[in-house]
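Visitor: The primary structure of each chain is shown beneath.
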Amino acid sequence: MKRVLSQCLKELNQFRRDRLTVALAFVLPLAVLLIYGYAIRLEAKNIPLSVQDFDNSPLSRTYISRLFATNQFVPTPMPGTAVTSALDRGTAKATVVIPPDFSRQVTARQPVTVQALVDGTDVNNARVIQNSLRATTQFFLRSSDLIPPQAQSLIDPQVRLWFNPGRQESLYIVPGIFGVILWVFPSMLAAIALVREKEQGTIVQAYASDLSSLEWLLGKELAYLIVALGEALVVMTVATILFGLRFRGDPTPLLVGLIVYLAAAVAFGLLVGARAGNQTGAVQGTAIAGFLTALLLSGFIYRLENIPFPLSLVSNVIPARYFIEITRDAFVRGTGWPGIWYAPIAIAAIGGLFFRLATRILHRMQFPD
Amino acid sequence: MGSYILHQPETFFPKRLAPTPPNHSHTPPPPKPMHPLRTFRQSRLWALILKETRQILRNRQIIFLLLFPPTVQLLVFGLALNPEVTHLSLDVVDYSHSPVSRELVATLTANDTFQIQAYQPSVEDLGQRVRTGRVSTGLVIPPNFADRLAADRSVEVQVLIDGVDANTAGIASGYMQQLVNRFGQTLRQTPDPPVAIATRFLYNPGLLSSWFFVPGVIGVVLTLTGSLVSSTTVIREKDVGTLEQLLMTPAQGWEILAAKIAPLFGLLMGDVLLASAIARLIFGLPFRGNYVLFLVLSGVYIFVAIGIGILLATISSTQQQVVLTSFFFNVPLIQLSGAIAPIESMPTFFRVLSFLNPLRHYVTIARSLILKGVGLEVLMPEVLALVSFTVLLLGLSINRFRAQLN
Numbered sequence: 000m001k002r003v004l005s006q007c008l009k010e011l012n013q014f015r016r017d018r019l020t021v022a023l024a025f026v027l028p029l030a031v032l033l034i035y036g037y038a039i040r041l042e043a044k045n046i047p048l049s050v051q052d053f054d055n056s057p058l059s060r061t062y063i064s065r066l067f068a069t070n071q072f073v074p075t076p077m078p079g080t081a082v083t084s085a086l087d088r089g090t091a092k093a094t095v096v097i098p099p100d101f102s103r104q105v106t107a108r109q110p111v112t113v114q115a116l117v118d119g120t121d122v123n124n125a126r127v128i129q130n131s132l133r134a135t136t137q138f139f140l141r142s143s144d145l146i147p148p149q150a151q152s153l154i155d156p157q158v159r160l161w162f163n164p165g166r167q168e169s170l171y172i173v174p175g176i177f178g179v180i181l182w183v184f185p186s187m188l189a190a191i192a193l194v195r196e197k198e199q200g201t202i203v204q205a206y207a208s209d210l211s212s213l214e215w216l217l218g219k220e221l222a223y224l225i226v227a228l229g230e231a232l233v234v235m236t237v238a239t240i241l242f243g244l245r246f247r248g249d250p251t252p253l254l255v256g257l258i259v260y261l262a263a264a265v266a267f268g269l270l271v272g273a274r275a276g277n278q279t280g281a282v283q284g285t286a287i288a289g290f291l292t293a294l295l296l297s298g299f300i301y302r303l304e305n306i307p308f309p310l311s312l313v314s315n316v317i318p319a320r321y322f323i324e325i326t327r328d329a330f331v332r333g334t335g336w337p338g339i340w341y342a343p344i345a346i347a348a349i350g351g352l353f354f355r356l357a358t359r360i361l362h363r364m365q366f367p368d
Numbered sequence: 000m001g002s003y004i005l006h007q008p009e010t011f012f013p014k015r016l017a018p019t020p021p022n023h024s025h026t027p028p029p030p031k032p033m034h035p036l037r038t039f040r041q042s043r044l045w046a047l048i049l050k051e052t053r054q055i056l057r058n059r060q061i062i063f064l065l066l067f068p069p070t071v072q073l074l075v076f077g078l079a080l081n082p083e084v085t086h087l088s089l090d091v092v093d094y095s096h097s098p099v100s101r102e103l104v105a106t107l108t109a110n111d112t113f114q115i116q117a118y119q120p121s122v123e124d125l126g127q128r129v130r131t132g133r134v135s136t137g138l139v140i141p142p143n144f145a146d147r148l149a150a151d152r153s154v155e156v157q158v159l160i161d162g163v164d165a166n167t168a169g170i171a172s173g174y175m176q177q178l179v180n181r182f183g184q185t186l187r188q189t190p191d192p193p194v195a196i197a198t199r200f201l202y203n204p205g206l207l208s209s210w211f212f213v214p215g216v217i218g219v220v221l222t223l224t225g226s227l228v229s230s231t232t233v234i235r236e237k238d239v240g241t242l243e244q245l246l247m248t249p250a251q252g253w254e255i256l257a258a259k260i261a262p263l264f265g266l267l268m269g270d271v272l273l274a275s276a277i278a279r280l281i282f283g284l285p286f287r288g289n290y291v292l293f294l295v296l297s298g299v300y301i302f303v304a305i306g307i308g309i310l311l312a313t314i315s316s317t318q319q320q321v322v323l324t325s326f327f328f329n330v331p332l333i334q335l336s337g338a339i340a341p342i343e344s345m346p347t348f349f350r351v352l353s354f355l356n357p358l359r360h361y362v363t364i365a366r367s368l369i370l371k372g373v374g375l376e377v378l379m380p381e382v383l384a385l386v387s388f389t390v391l392l393l394g395l396s397i398n399r400f401r402a403q404l405n
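Protein sequences appear in the order of chains W and L. Per numbering that gives the first Met the number 0, the very first residue in the first sequence carries number 0; after that it's consecutive. Per numbering that gives the first Met the number 0, the very first residue in the second sequence carries number 0; after that it's consecutive.
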C-alpha cells in the first residue's frame, strides 16, 4: 500500500511539472463544456419560413400573421419565382403556399388545402416544423372562429411535462456533456502517461525495481483519479454556475457514480496505454474512439432506443451511457437510488474489467511477480 | 491532383535552378527544353514526392488511420445518431374501462409512435414508473370518460411526459395532442376542418436521419483524418530529426512541403471516394448534384484539413501535444459546423461565428450537392468562402512551417 502511495505521489509530481499538460488538462475540458453547452441545441427556435401568398386577402394575411406569432418562425423573402427557390438556396427551411382561392373557399365553407414544403434534410427539425405548422393552423382556425363548435374535439389532452416543464434543452445536454468530458480527458491523460514511460524507457526502471505490475498500475490509477476528480470539480462547478443546474435530490448516487466512473476512465486509459505498442498514434486513435463512443453510443444527443440492433449491444458496455443516466437523474429527475441503483454497479464492472486487462498486459512484460 | 502538381515545375523552374550550388556534382545539369512531363519526372520535386509517398505507404499506422477511423466514424454516426421519435414507451391508467377508452389507446398505438408498456392500476403507480425512468409517457383516462362522451360533453385526459429529453418530449407532446384531437373528432363524425395543411418533405422525403448526418460526417472525417495524418507526418520528421537532413539537401522549403502535401492529398482524395462509396452503398444517399463538382470541392476542403495539421505540427513539439492541441481546433470546428447539431438553433453569437468556419461551408456544400442537387450558381457564396478560408489557412500554416525551417 505504501509503495502504491509513493508511486502515486511520484506520478502526481511528474504531472505537475509538465505545465502544458496541466494547463490543457483543465482548460480543454472547460472549452469543450462551453462549446457543447452553448452550441448543441437540437430544436430550432428561429426557423426561417417563406410564404407564397397567391390569395393576398385579409384572411390569408391573418393566417400568415398567426404563423409568425409564435416566434418559432422568422419571415424570409422568396429569392426567386420558383416555389422551391428559398429551400434550394437554404435561406428558408419551409415554404407555405397559400392557394389563390383560399379566402373564397374558406368563406364558402369549402375545405381548402394549404401546401407546406419542408426541407427534410434536418430530420428532427422537419418534424418540429410539421408539428408546429399543424398546431398554428389549428390555432388560426379556432381564433378566427372557423371551426363550428360541434366540430371541436371532445377530448382535451392535458399534457404535463415532468422534471423539465420549460423544456430547457440545456438541462438535457449539459449533464450529458459531463459524461463525455469526464471520460475522454481522464482516459487520455492516463494513456499518455503510460505511453510516455514506455517511449522514454523509464518503464525499465520499474521493471528493475521490485514493484509488481499491479502496484505500479494502482499508483498511476490513483494519481490520475485524483487529477480527474479535480477536473470534475472544475467542470461541474462552472457548469452549475453557467447553466443553472441544481441538485434535484440525493447527491450520493452522483458522488459514488462519479468516483467509479472516473476510475473506470483512468483504467481505460491505462489499458490503451498498455496496449499501444510504441506510438502515440494509438493514443490518438483512442482519443477519437473514446469521443465517438461517449458522444454517439451513450444517449448523449438522441435517445438510446434509436440505436439500431448490433450497435445497441455495444452501447451497453459504454460506461458513459450509465454515467449520463446518473447525472441526468441527479440534476434533472431527482429520483435517487431507486431509479439508478444499477448504474454505478455497471460502471464498476466495466471499469474493473479494463483494469484487469491492463494488469494482465503489463504482467506479461518484465515485472517481477 | 495531377494538374496541381504538374504546374509547379513550370512556374518555379527558374527559381529551382538559381540556388543550385556548384559543388553538388549529383544535381543534374540544366535540362534542355523537353516535354514538360518528362522535365517534371526528372525534377527534384518529383523525386521528393516519390520519397514521401514511399515513406507513407510503408507506414502501416498512417494507412490504418486513413482507412479504419473514417469507415467506423461514418458507420457509427450514420447509424447511431437518430432523432426519430417512435416506439415511445407508454403506460396507461384506464379508470374508465370502457370500449371507447380502449379505442383511444388503440389509436395512440396504431402508428408506432407510442408503444404500450403496461397498464397501471393507479396514477401513483404510473408516477412511480415515470419517476424511475421505466416509462417515458403516461396516459390517464378518467372514470367518467365514457359517460361524458356518451352525453356529448367534453372530457379531459391527462398525459404525463418525461421532459428530461426536451427535444423528444416536445415532439411527443405534439404527436399526442394531434392523435387525441383526431380521435375526438372522429367520435362525432364532423366534417374535415376547413383549412388543412399538407406537408411535403423535400430532398429527404423518407426523413431518414442518416441522410442528414452522413454528408456532414464526410466533412468531419476529412477534418479529423486530414489534420491527424498531416500533423503526424510532419511532427515525426521533427521528432526524429530527419527534417534537418532534408534541409541540408539543396531542396527548397517549398519543395519539401509540396512533396509532403502531394501524397497526403492523393490519399485523402481516396478517403473521399471511400466515404462516398459508403454513403452511396450503405446509406443509399442520392448524390443528386454534379459528382465531379463534389470531388473538386472536397479536394479544396482537404487542403483546409492539411493546413490545420501543419499548423498543429508547428505549434506543438511532440505528438502528445498535437493530440491535445488538436482538440482546440477540431472540437469547435466540428461542433460549430452544423454537421451534428443544426446551426439555426445555436445562439446568435455562435451562429455568426460559424460563418468563419470552413467546415460549415463544406457541410452546406456537401448536403446541397448530395441531397438537393443544386448547381454551382446556388452554392457560389459557400464556394467562395471555402476557397478563401483554404487559401488563408494553408498560407498561414505554410508560412509558420517555413519560418520554423529557417
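Everything labelled a hint here was simulated from the structure, so no lab data went into it. Keep in mind that this is a model prediction, so the values were computed, not measured. Please note: incorrect hints may appear among the correct ones.
What the hints assert, rightly or not - For the chain W half of the interface with chain L, some residues (derived, Cβ under 7 Å), not all of them:
{"#": "1", "residue": "70"}
{"#": "2", "residue": "74"}
{"#": "3", "residue": "75"}
{"#": "4", "residue": "82"}
{"#": "5", "residue": "86"}
{"#": "6", "residue": "87"}
{"#": "7", "residue": "116"}
{"#": "8", "residue": "132"}
{"#": "9", "residue": "152"}
{"#": "10", "residue": "154"}
{"#": "11", "residue": "160"}
{"#": "12", "residue": "310"}
{"#": "13", "residue": "332"}
What the hints assert, rightly or not - Mimicking DMTMM-like on lysine to aspartate or glutamate, the simulated pairs with C-alpha atoms at most 25 Å apart in a straight line are:
{"#": "14", "chain 1": "L", "residue 1": "50", "chain 2": "L", "residue 2": "343"}
{"#": "15", "chain 1": "L", "residue 1": "237", "chain 2": "W", "residue 2": "198"}
{"#": "16", "chain 1": "W", "residue 1": "44", "chain 2": "L", "residue 2": "381"}
{"#": "17", "chain 1": "L", "residue 1": "237", "chain 2": "W", "residue 2": "52"}
{"#": "18", "chain 1": "L", "residue 1": "237", "chain 2": "W", "residue 2": "249"}
{"#": "19", "chain 1": "W", "residue 1": "44", "chain 2": "L", "residue 2": "343"}
{"#": "20", "chain 1": "W", "residue 1": "197", "chain 2": "L", "residue 2": "381"}
{"#": "21", "chain 1": "W", "residue 1": "9", "chain 2": "W", "residue 2": "196"}
{"#": "22", "chain 1": "W", "residue 1": "44", "chain 2": "L", "residue 2": "83"}
What the hints assert, rightly or not - Simulated restraints on C-beta separations:
{"#": "23", "chain 1": "W", "residue 1": "30", "chain 2": "L", "residue 2": "380", "range": "28 to 36 Å"}
{"#": "24", "chain 1": "W", "residue 1": "348", "chain 2": "L", "residue 2": "347", "range": "18 to 26 Å"}
{"#": "25", "chain 1": "W", "residue 1": "315", "chain 2": "L", "residue 2": "328", "range": "30 to 38 Å"}
{"#": "26", "chain 1": "W", "residue 1": "254", "chain 2": "L", "residue 2": "185", "range": "48 to 56 Å"}
{"#": "27", "chain 1": "W", "residue 1": "206", "chain 2": "L", "residue 2": "298", "range": "44 to 52 Å"}
{"#": "28", "chain 1": "L", "residue 1": "238", "chain 2": "W", "residue 2": "364", "range": "39 to 47 Å"}
{"#": "29", "chain 1": "L", "residue 1": "49", "chain 2": "W", "residue 2": "240", "range": "34 to 42 Å"}
{"#": "30", "chain 1": "W", "residue 1": "45", "chain 2": "L", "residue 2": "34", "range": "55 to 63 Å"}
Ideal placement from N, C-alpha and C gives every residue a C-beta, glycine not left out.
Visitor: So, for every hint listed, does it hold in this structure?
Guide: These are the hints, each one checked on the structure:
1. 70: Residue 70 of chain W check fails; min Cβ-Cβ to chain L is 13 Å, beyond 7 Å.
2. 74: Violated: closest Cβ of chain L sits about 14 Å from residue 74 of chain W, beyond 7 Å.
3. 75: 11 Å, violated
4. 82: Violated, because the Cβ-Cβ distance from residue 82 of chain W to chain L comes to roughly 10 Å (cut-off 7 Å).
5. 86: Because about 6 Å separates residue 86 of chain W from the closest Cβ in chain L, which is inside the 7 Å limit, the hint holds.
6. 87: 5 Å, holds
7. 116: 5 Å, holds
8. 132: 6 Å, holds
9. 152: 3 Å, holds
10. 154: 4 Å, holds
11. 160: Nearest chain L Cβ about 3 Å off; hint holds.
12. 310: Result: holds, 6 Å to nearest chain L Cβ.
13. 332: 6 Å, holds
14. L/50 with L/343: Answer violated: residue 50 of chain L to residue 343 of chain L is near 47 Å, above 25 Å.
15. L/237 with W/198: OK: residue 237 of chain L and residue 198 of chain W at ~16 Å, within 25 Å.
16. W/44 with L/381: Measuring from Cα to Cα gives roughly 24 Å; hence the hint holds.
17. L/237 with W/52: 64 Å, violated
18. L/237 with W/249: Since the Cα atoms of residue 237 of chain L and residue 249 of chain W sit roughly 53 Å apart, the hinted pair is violated (cutoff 25 Å).
19. W/44 with L/343: 7 Å, holds
20. W/197 with L/381: At roughly 47 Å apart (the allowed maximum being 25 Å), residue 381 of chain L and residue 197 of chain W break the hint.
21. W/9 with W/196: 13 Å, holds
22. W/44 with L/83: Within the cut-off at roughly 19 Å; holds.
23. W/30 with L/380: 28 to 36 Å: 29 Å, holds
24. W/348 with L/347: 18 to 26 Å: For residue 347 of chain L against residue 348 of chain W, whose Cβ atoms are near 45 Å apart, the range 18 to 26 Å is violated.
25. W/315 with L/328: 30 to 38 Å: Holds, at about 33 Å.
26. W/254 with L/185: 48 to 56 Å: 52 Å, holds
27. W/206 with L/298: 44 to 52 Å: For residue 206 of chain W and residue 298 of chain L the Cβ distance comes to about 49 Å; the hint holds.
28. L/238 with W/364: 39 to 47 Å: Given about 24 Å between the Cβ atoms, the range is violated.
29. L/49 with W/240: 34 to 42 Å: 57 Å, violated
30. W/45 with L/34: 55 to 63 Å: 59 Å, holds
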